[in-house]
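Residue numbers (this note's numbering), protein chains in the order written: chain Y, 1 to 405; chain B, 406 to 810; chain Z, 811 to 1215.
Worth flagging that the hints you see were computed from the coordinates, not collected in a lab. Since we're looking at a predicted model, the values are computed, not measured. Treat the hints with care, as some may be off.
Label-pair ranges, simulated between beta-carbon atoms [stated by the list, open to error]:
hint : chain 1 : residue 1 : chain 2 : residue 2 : range
1    : Y       : E126      : B       : E467      : 39 to 49 Å
2    : B       : L417      : Z       : A1034     : 50 to 60 Å
3    : B       : E414      : Z       : E1200     : 48 to 58 Å
4    : Z       : N994      : Y       : E112      : 51 to 61 Å
Non-contacting residues of chain Y with respect to chain B, defined by C-beta distances greater than 10 Å in every case (computed) [as the list claims (entries may be wrong)]:
hint : residue
5    : K71
6    : K95
7    : I130
8    : E144
9    : I146
10   : L150
11   : F151
12   : N184
13   : L220
14   : T275
15   : E304
16   : E307
17   : A313
18   : S341
19   : E387
C-beta: ideal position from N, C-alpha, C; glycine also.
The lines below spell out each chain.
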Amino acid sequence: MNEKILRSEEALEIYEQIREMPIFDVHTHLRYKKPCMSNAWDLLSYHYFTEIAHSMGFSLDEVKDSEEGVKKIFEHLPAMRTTAPYFWLEQIAKKLFDCDIRDWREFYERVEQNVSSGDWMKKVIETSHIERIALTNNPWESFEGIDKELFFPTFRADPLLKFDNRVVKDTFEETESFLEERMNYFIGYGCKAVAISPPDDFVYIPSASRNNSALKEAALSANAKEKNEVRSSLLSILAALCREKKLPFEIMFGSVRDIYKRCVPEGGDFSRANTSLLDIADIFNDNPEVIFPLSIVSFTNDQELAEFARLFANVYASGHWWFTNTESAIESSLKKRLEVSPYKKHIGYYSDAYTMELIWAKFDFYRRVESNVFADLVREKRLTVDEAVEIIRIRDYETPKRIFS
Amino acid sequence: MNEKILRSEEALEIYEQIREMPIFDVHTHLRYKKPCMSNAWDLLSYHYFTEIAHSMGFSLDEVKDSEEGVKKIFEHLPAMRTTAPYFWLEQIAKKLFDCDIRDWREFYERVEQNVSSGDWMKKVIETSHIERIALTNNPWESFEGIDKELFFPTFRADPLLKFDNRVVKDTFEETESFLEERMNYFIGYGCKAVAISPPDDFVYIPSASRNNSALKEAALSANAKEKNEVRSSLLSILAALCREKKLPFEIMFGSVRDIYKRCVPEGGDFSRANTSLLDIADIFNDNPEVIFPLSIVSFTNDQELAEFARLFANVYASGHWWFTNTESAIESSLKKRLEVSPYKKHIGYYSDAYTMELIWAKFDFYRRVESNVFADLVREKRLTVDEAVEIIRIRDYETPKRIFS
Amino acid sequence: MNEKILRSEEALEIYEQIREMPIFDVHTHLRYKKPCMSNAWDLLSYHYFTEIAHSMGFSLDEVKDSEEGVKKIFEHLPAMRTTAPYFWLEQIAKKLFDCDIRDWREFYERVEQNVSSGDWMKKVIETSHIERIALTNNPWESFEGIDKELFFPTFRADPLLKFDNRVVKDTFEETESFLEERMNYFIGYGCKAVAISPPDDFVYIPSASRNNSALKEAALSANAKEKNEVRSSLLSILAALCREKKLPFEIMFGSVRDIYKRCVPEGGDFSRANTSLLDIADIFNDNPEVIFPLSIVSFTNDQELAEFARLFANVYASGHWWFTNTESAIESSLKKRLEVSPYKKHIGYYSDAYTMELIWAKFDFYRRVESNVFADLVREKRLTVDEAVEIIRIRDYETPKRIFS
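Generate the whole structure from the sequences, applying the supplied hints.
Following this line, the structure appears as structure tokens:
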């Protein structure tokens, strides 16, 4: 067995028991029509790789075809070898393609050979022990031909708070009707959640009035308070629909978009160190019947997240997102969650993956770190290995499955 | 010996030498007339347990009597088993009641049997090696019949900054006179400190003018600056009295009250991730002759706290409060304090306990974590075990005793 | 071999291979005319020692001569023994003066004997394996007699943002000419960098207009926005000169000056917990051709720093500064950097030393902690020892040498 990351005998023992646990993945960006890779560049053009390479001089302008893309990224791989994405890639190569990542051409060809076989997706699902996968979808998307056994849509409402006129109508009433109609369509295809990543300057204002004339001008307005009022009203509409339709409402807090101007696509977003979850706490007060899986992207909110799961009956601490999806960040955030809040209020992990091949790699990385953390509790005689495994099973599988079913 | 939490031979060796050290507890919420439990519900109705249970569906409405309360909380205990409060409970059960916490009725009855014996408090004190205990008292409290050998009051001034008219009079002069009179009364009963947990929107303004008409309106005013001015003046009065009476002035920084609206009693308070101790730094500048034991509730202030103890001659880094009173939070904050500031500027720990039975459990938890941290220094050949034990004794016992005597 | 701090066999093995690596120190405060100690007080009057002693009652008023200074600081040393400065002092005593720090007089005399020998500096350089040293210099400094083989100046521009009239002239044009003239003078003496530590209230405003009348009044203005505009324009001038002269532009973010009023010299500065690097991100957007080694002083910016190195092609995560130059702070920041960003975007360390004797001590401390961190990666089977050593060499020596040459 590959023992990477696992720090002790106890960690190994725990990992051994959880590594083949089924995956119920509550947040991904897979395309349901083409959920797997077509070639190696599909994986390596993921911004996690291109942005790191870019920071060392790589440019997408150099890339004329997928072979060249892979070759160029591989040139920058050695300098990424302490990062989480490198680990994922190495594991995918080994597990799914039975090769390593020393030679770009070998990797490219191994991928090509494999993914072209007719039952590739089936193989990925079986090897990964994938049970179900949440998609992330714009309100205007359609789902013809979706495999409803495997996938379920998530109603991603970000365009709403960006005042996108594909979802924001002339009045709050019309917007509400439109949202409900679309949500019903989503539910017809098995939708199990609404999700939003609020703009970083958003402060929730409870009981904001529904001023229709402000709604029309919000997109153009420079007035922060007015925008917050309109956004708060729109968010309240969503929350009310969640209550009515009995859907959990995922909140992904703290990302700041489009900071770096010369970035590769999607490589310009950051976290912000000085934010507080308290600025959105009244969303949870105002909607006690809605379950909120809550995610953060900056470690400075780690303690707040644990407190929210400990106190609010309707908030769950969910996953390890983006820049905190790394070994030491998961470890220290997970410890805070376990020490401050009950494990039944956790959704252990989701992959946030763009292709299906990444799901297992990211889950496996997380499970290794989680095994280390629980092994510490075993070594400190606070849990037995069996208890640790049972808690992990509840956090990582049963709770997400219960909430998103 | 129970080896829980202790991570190494060296930690065990250190713990062995400090576990029976006398406890001089500089901050508790004990009631001097009834400092011990009457039954198990007295302990389990503590918000640390009820709020976690509430987050999983528990409601106080279900609780008709103390037996039922205990039974209900016990149903939620398994899901708390990685938290600090669970550890305290388990330790109390074992140490004081010679039982475990698998069966609620057994625990309930074991408590009943023990606490009804006439010398229960004496037994708790002896078993816990308690030397003296600070109380926390509103300015209007009286102390008839207090055991002055064991307890000493703390003048808790929070109502002052809330403009409570039981302490805030018509003018600053009258308020000052009233405070001094009450403080003298407190000192007659052995009061050794003033304490305050400032409102989270408080920013100290040095040399704020004493505007008596603003004072009268502050409670109603929406103007943040005006409120801060009045509060700063009131706080300056307190600090001047501390100087005159030679009392240390405890500042407990960073709690944010009443955020969660549907909470169990006292289960609605949080920390805030984006605050800075610099916003109150001038309190310490303005009162160089007053000693300030300073506590924080958010880990994001850990480094600032260590810096304040390193630079300000009159500031001590004090305890591990509330949501940071957990294993990994203590460990990382303690390391920062030891690396940045001299250990003579530390007050190791206080229990913040509501019943006397909790004091030892919380101190013992802390001492185990502290043993781990110092064991690391021993293993890194920076201290011998004897040096570690000596430093711990100064931090945890001698310094608090010196300052609060 | 002295095994202090080193936590495992693997750490020892790594350290063994890096401990004599040449030092290319990109940030110090050495005086080129007198880079070494004259006596022990030269070292102990460094604010790192005096400020900690001051926090326990030490006053510079007590110090009539250098002997007495050393004696007084030594009285306070035992209480500093868990701090980083204590470790440095202990190591200097042992390595350079072949004594310990139990007896102040012995130390004082051992220093005296050694530093008075004619080839002392040569010995320090050889023992420390020092290759080159960056100085930090005000724009008006001169460099007659500087040893250009060993030292190179850094153009420290802090006075510019303080509106010091020795550098800020009547118009932006005149200021620019003056800066260029001075920078050319610096470059004549081998200057390899511009550096600035922006005021803590600075927020960079892109494309700020160059309003000459605002420039003249900025120093007196209470208007934050106006100040930020003028400062942004001045900073843009510097950045443009960096581009033209191909100099890296070091940004040292987050220090807050002159908070504690009764401090020893330089002992009144703090970090601030609630800041964000996003407030200066547009500096990096606006100057893509300039390389920015970026340093932080608060651990709350750790993740942001790693993200900046991961995304911005022109930003390097640089060193471990001031209050984060401690064991646990280095460890946790370094892990974040390695997990989030590629190691080629790191400048491992600089000493920030005031006398040459401190350089090795601080580098050695850092290298020990770094060895622990990389040993964890070796133990987790993610790197071999050889790979770890190679990465360390690139981070700590090759990259800083390349950028500052």
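Outcome of the hint check:
{"no.": "1", "hint": "Y:E126 to B:E467: 39 to 49 Å", "in the structure": "holds, 46 Å"}
{"no.": "2", "hint": "B:L417 to Z:A1034: 50 to 60 Å", "in the structure": "holds, 55 Å"}
{"no.": "3", "hint": "B:E414 to Z:E1200: 48 to 58 Å", "in the structure": "violated, 35 Å"}
{"no.": "4", "hint": "Z:N994 to Y:E112: 51 to 61 Å", "in the structure": "holds, 57 Å"}
{"no.": "5", "hint": "K71", "in the structure": "holds, 43 Å"}
{"no.": "6", "hint": "K95", "in the structure": "holds, 30 Å"}
{"no.": "7", "hint": "I130", "in the structure": "holds, 27 Å"}
{"no.": "8", "hint": "E144", "in the structure": "holds, 40 Å"}
{"no.": "9", "hint": "I146", "in the structure": "holds, 34 Å"}
{"no.": "10", "hint": "L150", "in the structure": "holds, 31 Å"}
{"no.": "11", "hint": "F151", "in the structure": "holds, 30 Å"}
{"no.": "12", "hint": "N184", "in the structure": "holds, 29 Å"}
{"no.": "13", "hint": "L220", "in the structure": "holds, 29 Å"}
{"no.": "14", "hint": "T275", "in the structure": "violated, 6 Å"}
{"no.": "15", "hint": "E304", "in the structure": "violated, 5 Å"}
{"no.": "16", "hint": "E307", "in the structure": "violated, 5 Å"}
{"no.": "17", "hint": "A313", "in the structure": "violated, 5 Å"}
{"no.": "18", "hint": "S341", "in the structure": "violated, 7 Å"}
{"no.": "19", "hint": "E387", "in the structure": "violated, 8 Å"}
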